[in-house]
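K.L.:
With chain A's structure known, arrange chain B on it following the hints.
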Amino acid sequence: NAGVTQTPKFQVLKTGQSMTLQCAQDMNHNSMYWYRQDPGMGLRLIYYSASEGTTDKGEVPNGYNVSRLNKREFSLRLESAAPSQTSVYFCASSEALMGQGAYNSPLHFGNGTRLTVT
Amino acid sequence: GNSVTQMEGPVTLSEEAFLTINCTYTATGYPSLFWYVQYPGEGLQLLLKATKADDKGSNKGFEATYRKETTSFHLEKGSVQVSDSAVYFCALRGSSNTGKLIFGQGTTLQVKP
Chain A
1 NAGVTQTPKF QVLKTGQSMT LQCAQDMNHN SMYWYRQDPG MGLRLIYYSA SEGTTDKGEV
61 PNGYNVSRLN KREFSLRLES AAPSQTSVYF CASSEALMGQ GAYNSPLHFG NGTRLTVT
Chain B
119 GNSVTQMEGP VTLSEEAFLT INCTYTATGY PSLFWYVQYP GEGLQLLLKA TKADDKGSNK
179 GFEATYRKET TSFHLEKGSV QVSDSAVYFC ALRGSSNTGK LIFGQGTTLQ VKP
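Which chain is which? The protein sequence lines are A and B, in order. According to the working numbering, the first sequence is numbered sequentially starting from 1. According to the working numbering, the second sequence is numbered sequentially starting from 119.
Since the hints were made in silico from the structure, they are not lab data. Source: prediction; values computed, not measured. A virtual CB, placed ideally from N, CA and C, is assigned to each residue, including glycine. Possibly wrong hints are sitting among the right ones.
What the hints assert, rightly or not - DEER-style ranges, computed between Cβ atoms:
{"#": "1", "chain 1": "A", "residue 1": "57", "chain 2": "B", "residue 2": "158", "range": "39 to 47 Å"}
{"#": "2", "chain 1": "A", "residue 1": "27", "chain 2": "B", "residue 2": "230", "range": "33 to 41 Å"}
{"#": "3", "chain 1": "A", "residue 1": "65", "chain 2": "B", "residue 2": "132", "range": "42 to 50 Å"}
{"#": "4", "chain 1": "B", "residue 1": "134", "chain 2": "A", "residue 2": "95", "range": "31 to 39 Å"}
{"#": "5", "chain 1": "B", "residue 1": "179", "chain 2": "A", "residue 2": "12", "range": "35 to 43 Å"}
{"#": "6", "chain 1": "B", "residue 1": "196", "chain 2": "A", "residue 2": "69", "range": "41 to 49 Å"}
{"#": "7", "chain 1": "B", "residue 1": "128", "chain 2": "A", "residue 2": "59", "range": "19 to 27 Å"}
{"#": "8", "chain 1": "A", "residue 1": "12", "chain 2": "B", "residue 2": "228", "range": "23 to 31 Å"}
{"#": "9", "chain 1": "B", "residue 1": "231", "chain 2": "A", "residue 2": "8", "range": "49 to 57 Å"}
{"#": "10", "chain 1": "A", "residue 1": "80", "chain 2": "B", "residue 2": "201", "range": "38 to 46 Å"}
{"#": "11", "chain 1": "A", "residue 1": "12", "chain 2": "B", "residue 2": "158", "range": "41 to 49 Å"}
{"#": "12", "chain 1": "B", "residue 1": "230", "chain 2": "A", "residue 2": "39", "range": "21 to 29 Å"}
{"#": "13", "chain 1": "B", "residue 1": "134", "chain 2": "A", "residue 2": "39", "range": "40 to 48 Å"}
Isolated chain A, as found in the complex:
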């Protein structure tokens, strides 16, 4: 019963390098999300995908791109990493985003990717 799986768990990048964070869920959820967690700031939404084939910007999308590859997978790409992107990144999924179903649809989180950009 894997839930939400993120890879890699740790990554160190140099400024300007690129990388893709992978996320997959096996719960047949419609909606998926990428958050970053920084000390004292809680979780901030980077991008989300309400359903397969759609993606939208969250609070802090600059410097990131996403791809909803299929219903299971939602990747986050950093094209040119910057030290300000040093953070812990969490992928999450839920049954629904919009409508009545969303009210009682909790998020299920992966264990995070700790990214350091030097």
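P.N.:
Below, chain B without anything else, positioned relative to chain A:
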């Protein structure tokens, strides 16, 4: 816009002490409210939720009551254990913002034996 404010941590308690973590919110309409817990090295897990005013969410000895008059959703537990040491996040899902969760900044709880 919608927002969530939590008490600053860390909160340090002895085992079997009473816990309160304050959470207040600002939102239009009738949001749903959640508490998530994050154990060291792990992602967040849903702890409890309440979807309308005066609802009480409860799980694992933790409780929180949705108080619309004070726009609060304080987390309480009567007797904490060392295993409750974690970071606790209050969150809301608004009724009119396409259902995205908005999190507070998190409160670290340390329970000492």
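K.L.:
Taking the hints in turn, state whether each one holds.
P.N.:
Right, here's what the structure says about each hint:
At about 31 Å, the beta-carbon gap between residue 57 of chain A and residue 158 of chain B misses the expected band of 39 to 47 Å. The supplied range of 33 to 41 Å is met by residue 27 of chain A and residue 230 of chain B, whose beta-carbon atoms lie about 37 Å from each other. Roughly 48 Å separates the CB atoms of residue 65 of chain A and residue 132 of chain B, a value that falls within the hinted 42 to 50 Å. A C-beta distance of roughly 38 Å is found between residue 134 of chain B and residue 95 of chain A, which places it inside the suggested range of 31 to 39 Å.
In this structure the hint that residue 179 of chain B and residue 12 of chain A lie 35 to 43 Å apart at CB holds, the actual value being about 40 Å. Remark: the range hint 41 to 49 Å for residue 196 of chain B to residue 69 of chain A is upheld by a beta-carbon distance near 46 Å. For the pair residue 128 of chain B and residue 59 of chain A, the beta carbons lie near 25 Å from each other, so the given range of 19 to 27 Å is met. Judged by the Cβ atoms, the range 23 to 31 Å given for residue 12 of chain A and residue 228 of chain B holds: they are separated by roughly 29 Å.
Under the hint 49 to 57 Å, the C-beta atoms of residue 231 of chain B and residue 8 of chain A, about 35 Å apart, miss the expected range. Range check, residue 80 of chain A to residue 201 of chain B: about 42 Å between beta-carbon atoms, so the 38 to 46 Å window is met. Range check, residue 12 of chain A to residue 158 of chain B: about 21 Å between beta-carbon atoms, so the 41 to 49 Å window is missed. The hinted range of 21 to 29 Å is satisfied by residue 230 of chain B and residue 39 of chain A, whose Cβ atoms lie roughly 22 Å apart.
Between residue 134 of chain B and residue 39 of chain A the C-beta distance comes to about 29 Å, which lies outside the given range of 40 to 48 Å.
Consistency with the previously given hints fails for numbers 1, 9, 11 and 13, ordered from lowest to highest.
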